[in-house]
Structures are given as structure tokens and as C-alpha cells.
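Following the hints, complete the assembly by docking chain B onto the known chain A.
Here's the letter readout for the chains.
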Amino acid sequence: MHGKDRCGTRDISREQTALGRAVREIRARRCLSQEELGSDARIHRNYVGSIERGEMNPTFRTLLKLTVGLRVKLSDLIVIYERQLADGPQGL
Amino acid sequence: MGLKDSDGQTAELVALGKAVRRLRERHGWVPQNAVCFDAGLGDGYPGPLELGRTNPRFLTLVAITRTLGFTLGDLIAVYEHKLAGIDPHAGHDAPVCPTPEALAHLHELNTEWAELQARALRRRLLRRRVG
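As you go down the protein sequences, you meet chains A and B in turn.
If you're matching positions, the first sequence starts at 222 in the working numbering and goes up one per residue.
If you're matching positions, the second sequence starts at -1 in the working numbering and goes up one per residue.
Careful: at least some of the hints might be erroneous.
To be verified - According to the in silico footprint, chain B covers these stretches of chain A (three or more CB under 8 Å from chain B):
| no. | stretch |
| --- | --- |
| 1 | 240 to 252 |
| 2 | 260 to 269 |
| 3 | 273 to 282 |
Because the hints were derived from the structure by calculation, they are not lab data.
Nothing here was measured: the structure is a model prediction, and the numbers come from that model.
In this text, a Cβ means the ideal position worked out from N, Cα and C, and glycines have one as well.
Only chain A is shown next, with the shape it has when bound in the complex (with noise of 0.2 Å):
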């Protein structure tokens, strides 16, 4: 599973982009640091760093390590990740 998602490069970087801004979007609304975000969800800062712009792949245990540390429900997560993709590049 884990090289094999290229299929579209294009729309599938649009979709990490999406999740980078929504967890990004909740974490501001948290107001928590990357940092404390990082120690709350139990995942390095640097990894949320690269969450959040975009340029990782997270598994699903990842997100739901994620949305204990910004106290939301996954679908709330991606309800905002929707969002975010339907409002395009421009969107944050």
C-alpha cells in the first residue's frame, strides 16, 4: 500500500494538502503549538510539521493519534479536510 498510491500524483498531493490545512486549522483553533500538539497526539513536532504542509501520507492510526491531541472526533477532522479541498490551494 505503500508506494503503490501514486495514481494521479496531481490529486492525491491536493488531498494531503487538504488534511495538512484542516489539522493546522483545528490546531490554531486549539490554540496549541506544534510542539503540543506533537506531545499531546504523541507524535514527533517535526512529523506534524510535515503533516500539516502536506507532504505526508499518514496511516490511520496516525489520525486518530492526531485528533486525540486536537480533542476532536475523526469525522469532525474531515469534515474540516473537506472543506479544505473543496475550497482549493487558495483555501487557508
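Leaving out everything else, chain B in the frame of chain A:
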């Protein structure tokens, strides 16, 4: 988080697997390997996924739900429903707090981002002029 059993499965992954299976069912029982093929995944991939034995990546889930004609939101809604069935104590419903400080922070992030973009653009223009 999560109940772990001896297989290394967690309640969350089992619920996710059930949700994927449910969507495939609703789509009219597409064969598992057809789903993999259309989603650009390896052969036989959803098998272990539906059993909760793998920890799929974000884009894999996007590809699978899209292939089945659903959104990621649909999958996660079913997932949360399934998870509540397996583990009623899962899920967190903390209140959202959009405070003024948070909004200010978001604004700051946006400004920082815009600045970075502008700087990158300037650098690119400069390089073009030099070259």
C-alpha cells in the same frame, strides 16, 4: 487508545475494516480485488484491511472510498457508528473553543504563509532575471 487483542488488531482498525466492507456492500458487492484494481492498490489489499489487520494510509482510504463512489466523510461516519458498537467508550467529544487568541494565531499563520509565498516568488523572479 484502543482495545488491543493478541493479533495486534485494535477496535479502531476492526471498525474501519467493517466500515470499508459496509461501503463495498452498499456499492453492490464489488469483488475485493476489483476494488483494489480500480483504486490502484495491490492485489488482494482490502482483504486484510476489511479484517482490521492493516493500518492503511490516508490516501489509500481516499482511493478506496472514491472507487466505491463515496466520500471519506461517508466512510468515517460508518466507522464511528461501527466503533460505537464495538467500543462504546471510544471517541472524544470535547467542546470546540474558537477564542479570539486562536483567531489571532490563525491570522498570524496565514500572514506567515503569505510572506513565505511572496518571498519564494521574489526569489524565483530574481533567478529568472539573472538567468
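So, going through the hints one by one against the coordinates:
1. Three residues within the 8 Å Cβ limit are the bar, and the stretch 240 to 252 of chain A against chain B gives 7, so the coverage statement holds.
2. With 0 residues bearing a CB less than 8 Å from a CB of chain B, the stretch 260 to 269 of chain A misses the requirement of three and the coverage assertion fails.
3. Restraint check on the stretch 273 to 282 of chain A versus chain B: 5 residues with Cβ-Cβ distances below 8 Å, three needed, restraint holds.
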